[in-house]
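Listed in order, the protein sequences are those of chains Y and B. In this text, residue positions in the first sequence follow our numbering: the first is 115, and each later residue adds one. In this text, residue positions in the second sequence follow our numbering: the first is 115, and each later residue adds one.
Hints are supplied without guarantee of correctness; some may be wrong.
Treat identical chains as interchangeable: a pair holds within one or across any two.
[As the list claims (entries may be wrong)] As a list, the in silico DMTMM-like pairs of lysine to aspartate or glutamate whose alpha-carbon atoms are at most 25 Å apart:
#1 Lys136 with Glu273
#2 Lys198 with Asp157
#3 Lys185 with Asp371
#4 Lys198 with Glu364
#5 Lys185 with Asp380
#6 Lys136 with Glu365
#7 Lys185 with Glu365
#8 Lys185 with Glu273
It is worth saying that the hints were derived from the structure and are not from the lab. Owing to the predicted nature of the structure, the values given are computational and were not obtained by experimental measurement.
Chain by chain, the residues:
Number of protein chains: 2
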Amino acid sequence: MQTVAIFGVGLIGGSFALALRKGGFGGRIIGVSSDQTIRAALDLGVIDEALPAREAASQADLLYLSQPIHKIAECLEELDAWVKPGALITDAGSTKTLIVDRASQKITRAQFLGGHPMAGRERRGVEAAEADLFQGRPYVLTPLTPGDLESPAAREFQEWIPRIGSFPIIMSAEEHDQTVAFTSHLPQLASTALAALLESRFNNQTRVYGPALVDSTRLALSSFEIWGDILDTNRDAVRLALASYIAKLEEFRGALDTPTLRRGFDAGARFAARLRDVT
Amino acid sequence: MQTVAIFGVGLIGGSFALALRKGGFGGRIIGVSSDQTIRAALDLGVIDEALPAREAASQADLLYLSQPIHKIAECLEELDAWVKPGALITDAGSTKTLIVDRASQKITRAQFLGGHPMAGRERRGVEAAEADLFQGRPYVLTPLTPGDLESPAAREFQEWIPRIGSFPIIMSAEEHDQTVAFTSHLPQLASTALAALLESRFNNQTRVYGPALVDSTRLALSSFEIWGDILDTNRDAVRLALASYIAKLEEFRGALDTPTLRRGFDAGARFAARLRDVT
Numbered sequence: 115m116q117t118v119a120i121f122g123v124g125l126i127g128g129s130f131a132l133a134l135r136k137g138g139f140g141g142r143i144i145g146v147s148s149d150q151t152i153r154a155a156l157d158l159g160v161i162d163e164a165l166p167a168r169e170a171a172s173q174a175d176l177l178y179l180s181q182p183i184h185k186i187a188e189c190l191e192e193l194d195a196w197v198k199p200g201a202l203i204t205d206a207g208s209t210k211t212l213i214v215d216r217a218s219q220k221i222t223r224a225q226f227l228g229g230h231p232m233a234g235r236e237r238r239g240v241e242a243a244e245a246d247l248f249q250g251r252p253y254v255l256t257p258l259t260p261g262d263l264e265s266p267a268a269r270e271f272q273e274w275i276p277r278i279g280s281f282p283i284i285m286s287a288e289e290h291d292q293t294v295a296f297t298s299h300l301p302q303l304a305s306t307a308l309a310a311l312l313e314s315r316f317n318n319q320t321r322v323y324g325p326a327l328v329d330s331t332r333l334a335l336s337s338f339e340i341w342g343d344i345l346d347t348n349r350d351a352v353r354l355a356l357a358s359y360i361a362k363l364e365e366f367r368g369a370l371d372t373p374t375l376r377r378g379f380d381a382g383a384r385f386a387a388r389l390r391d392v393t
Numbered sequence: 115m116q117t118v119a120i121f122g123v124g125l126i127g128g129s130f131a132l133a134l135r136k137g138g139f140g141g142r143i144i145g146v147s148s149d150q151t152i153r154a155a156l157d158l159g160v161i162d163e164a165l166p167a168r169e170a171a172s173q174a175d176l177l178y179l180s181q182p183i184h185k186i187a188e189c190l191e192e193l194d195a196w197v198k199p200g201a202l203i204t205d206a207g208s209t210k211t212l213i214v215d216r217a218s219q220k221i222t223r224a225q226f227l228g229g230h231p232m233a234g235r236e237r238r239g240v241e242a243a244e245a246d247l248f249q250g251r252p253y254v255l256t257p258l259t260p261g262d263l264e265s266p267a268a269r270e271f272q273e274w275i276p277r278i279g280s281f282p283i284i285m286s287a288e289e290h291d292q293t294v295a296f297t298s299h300l301p302q303l304a305s306t307a308l309a310a311l312l313e314s315r316f317n318n319q320t321r322v323y324g325p326a327l328v329d330s331t332r333l334a335l336s337s338f339e340i341w342g343d344i345l346d347t348n349r350d351a352v353r354l355a356l357a358s359y360i361a362k363l364e365e366f367r368g369a370l371d372t373p374t375l376r377r378g379f380d381a382g383a384r385f386a387a388r389l390r391d392v393t
């Protein structure tokens with residue numbers, strides 16, 4: 115792999131470029147992004163050069179799609195005509211079913227392998243990119259068949275995952291989307307709903323709160339520009355996660371004076387503590 | 115104020131002692147706690163000496179009750195017989211209605227002024243105490259009448275609030291409890307419910323999560339030994355807060371593909387951003 119093209123040089127794409135470089139990648143890194151982002155990415159040394167999508171696609175051994183989800187899906191409509199045979203197209207979209215499905219219809223001249231690095235920050239943009247963003251975080255790969263992991267290009271890409279500090283987890287696109295509905299999309303909606311409720315109730319006029327509220331509303335800073343696509347492409351799973359969460363809250367509401375609440379606190383503390391052992 | 119007695123030398127009581135000292139308090143600080151806590155508090159230099167409750171109460175100009183809520187309420191049953199006339203009894207309980215009510219019935223020979231420093235950590239105990247815990251945080255005072263703030267002892271206590279890095283907010287016990295149901299108790303239950311739900315769904319077998327889930331479950335580490343009393347003494351307000359939160363989540367569940375969700379994200383981000391301007 116000599117040439118990597120990053121489509122969408124934002125937080126994730128920019129961090130992937132920086133992490134590749136830090137991991138020892140000596141080839142070219144081409145950026146495909148808006149003019150403004152390209153200028154910032156060149157200034158910050160995140161990419162080596164910028165090209166239009168068509169030229170970048172025709173030269174790259176690895177095409178890394180790290181735009182918002184619907185943008186990735188659009189991009190997949192065009193790439194097949196441009197790519198080099200033997201190239202690998204992968205993506206970093208936060209939901210996988212739509213993208214993997216679209217790629218299986220549209221990509222015929224190169225190989226597609228869906229991915230999702232489970233890393234992020236509430237800040238966006240190439241300015242927030244950092245080489246260590248993936249450090250210690252899982253990198254989900256969603257092959258359509260086990261053979262998708264065995265091609266030379268796929269093997270080479272997988273070799274880079276530990277070199278950027280990450281570790282691979284292989285699962286289907288559907289299983290991924292059902293899981294992140296609970297572990298990622300639900301925490302986001304829980305924080306946003308809390309902050310939106312308090313906005314309507316207090317209009318920021320209260321100063322009566324502790325550090326817990328500041329922490330609990332951190333995710334609510336996240337942008338709808340990103341989350342609109344995520345939630346739109348995982349509706350059924352997100353609705354199920356919300357329904358399960360609402361049921362748990364209803365259980366608490368009915369049990370403020372009973373042992374149910376203690377069991378809930380114990381279970382929650384157990385989960386939170388184990389999460390920290392693993393992290 | 116020459117002598118302060120801290121009843122319950124845990125995170126809050128211990129931090130108050132350390133903060134007083136750092137703020138320039140030159141008098142005696144007596145601790146009243148379990149044998150084990152007293153040993154740790156003396157070792158850590160948090161208190162100067164330990165006494166049984168009765169002796170401590172009879173010598174103190176300020177009695178600082180920082181036990182769990184029901185423990186404070188029990189303590190108020192006994193203190194009146196022991197205190198010096200002119201002494202001020204205050205507390206750091208996380209709900210105020212029960213405690214203020216109990217004090218108004220039981221304390222006749224000294225003055226009671228309810229308080230709640232809006233500071234905390236998910237770690238408990240005197241080992242977690244720190245002199246800067248109250249830095250920049252509000253200190254709620256809940257006088258029964260405005261005159262409660264004007265006595266010599268109450269004025270002197272209020273002078274210490276900025277010296278420990280805090281700022282006072284005056285409100286009624288009822289208004290405090292209704293507010294913290296939304297700004298403190300609801301964030302706690304939201305985190306605990308999320309963690310408890312994921313515990314039952316994944317049993318910690320999934321590694322497919324990002325840093326957001328770790329953050330979102332931090333409050334779930336909090337102990338039910340503290341929260342049982344808080345929720346038990348603020349049931350109606352907490353039920354209302356939970357119902358409002360559930361309604362907001364239901365709104366999201368029904369609107370994953372509509373502008374409602376964008377409005378929710380915008381309102382949530384606005385609240386979260388303003389919270390950080392103030393903090």
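Are the CA atoms of lysine 185 and aspartate 371 at most 25 Å apart within a copy, between copies, both, or neither? between (49 Å within a copy, 17 Å between copies)
25 Å Cα threshold - placement of glutamate 364 relative to lysine 198: neither (55 Å within a copy, 48 Å between copies)
Lysine 185 and glutamate 365: within-copy, between-copy, both or neither at 25 Å Cα: neither (40 Å within a copy, 27 Å between copies)
When no copy is specified for lysine 136 and glutamate 273, does a C-alpha distance of 25 Å or less occur within a copy, between copies, both, or neither? within (14 Å within a copy, 54 Å between copies)
Regarding lysine 136 and glutamate 365, is the shortest C-alpha distance of 25 Å or less found within a copy, between copies, in both, or in neither? Classified as neither; 48 Å inside a copy, 45 Å across copies.
Are the CA atoms of lysine 185 and glutamate 273 at most 25 Å apart within a copy, between copies, both, or neither? neither (27 Å within a copy, 59 Å between copies)
Please work out whether the CA atoms of lysine 198 and aspartate 157 approach to 25 Å or closer within one copy, between two copies, in both situations, or in neither? Result: close neither inside a copy nor across copies, 29 Å intra and 70 Å inter.
Using 25 Å as the alpha carbon limit, work out where lysine 185 and aspartate 380 are close: within a copy, between copies, both or neither. between (43 Å within a copy, 22 Å between copies)
Hint violations for this structure: numbers 2, 4, 6, 7 and 8, all remaining hints satisfied.
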